[in-house]
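**Student:** So the sequence shown is numbered by my numbering: it starts at 1 and just counts up by one.
These aren't lab readings, by the way, just hints derived from the structure by calculation.
Beta carbons: idealized from backbone N, C-alpha and C, even for Gly.
You may find that some hints are simply not true.
Claimed, not checked - Cβ-Cβ distance ranges computed for the label pairs, FRET-style:
#: 1; residue 1: Trp19; residue 2: Ser62; range: 15 to 21 Å
#: 2; residue 1: Ala67; residue 2: Asp42; range: 31 to 37 Å
#: 3; residue 1: Asn18; residue 2: Ile68; range: 30 to 36 Å
#: 4; residue 1: Ala21; residue 2: Ser63; range: 33 to 39 Å
#: 5; residue 1: Ser62; residue 2: Arg24; range: 16 to 22 Å
#: 6; residue 1: Thr64; residue 2: Asp23; range: 29 to 35 Å
#: 7; residue 1: Pro41; residue 2: Ser63; range: 28 to 34 Å
#: 8; residue 1: Asp42; residue 2: Thr64; range: 15 to 21 Å
#: 9; residue 1: Ser63; residue 2: Glu22; range: 30 to 36 Å
#: 10; residue 1: Lys45; residue 2: Ala21; range: 15 to 21 Å
#: 11; residue 1: Pro69; residue 2: Arg24; range: 17 to 23 Å
#: 12; residue 1: Arg24; residue 2: Asp56; range: 32 to 38 Å
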Amino acid sequence: MKAFFDFKIEARYSFSVNWSAEDREFVGLCAEFPSLSWLDPDSDKARSGIERLVFDVLQDMSSTGEAIP
């Protein structure tokens, strides 16, 4: 994953992983992007999944000139 940003994603954004009883999996969340989530049976993979998803969204936002939160 090539970095297009001058900051570390982990330092700028708040990530969390919680157990979802409804989905019976861990859900990775990012406070700054409440509409995004990542489900996985493994908590570490839920964390890395949401981080990758946010990174991809940030790349898209940057390429279209959108303001990055």
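**Student:** Evaluate each hint against the coordinates.
**Tutor:** Status of the hints after comparison with the structure:
1. Trp19 / Ser62: 15 to 21 Å: With a Cβ separation near 33 Å, Trp19 and Ser62 fall outside 15 to 21 Å, so the hint is violated.
2. Ala67 / Asp42: 31 to 37 Å: 33 Å, holds
3. Asn18 / Ile68: 30 to 36 Å: Between Asn18 and Ile68, where Cβ atoms are some 25 Å apart, the hint is violated.
4. Ala21 / Ser63: 33 to 39 Å: With Cβ atoms ~37 Å apart, the hint holds.
5. Ser62 / Arg24: 16 to 22 Å: 35 Å, violated
6. Thr64 / Asp23: 29 to 35 Å: 31 Å, holds
7. Pro41 / Ser63: 28 to 34 Å: About 32 Å separates the Cβ atoms of Pro41 and Ser63, which means 28 to 34 Å holds.
8. Asp42 / Thr64: 15 to 21 Å: About 32 Å separates the Cβ atoms of Asp42 and Thr64, which means 15 to 21 Å is violated.
9. Ser63 / Glu22: 30 to 36 Å: 34 Å, holds
10. Lys45 / Ala21: 15 to 21 Å: For Ala21 against Lys45, whose Cβ atoms are near 18 Å apart, the range 15 to 21 Å holds.
11. Pro69 / Arg24: 17 to 23 Å: 31 Å, violated
12. Arg24 / Asp56: 32 to 38 Å: 26 Å, violated
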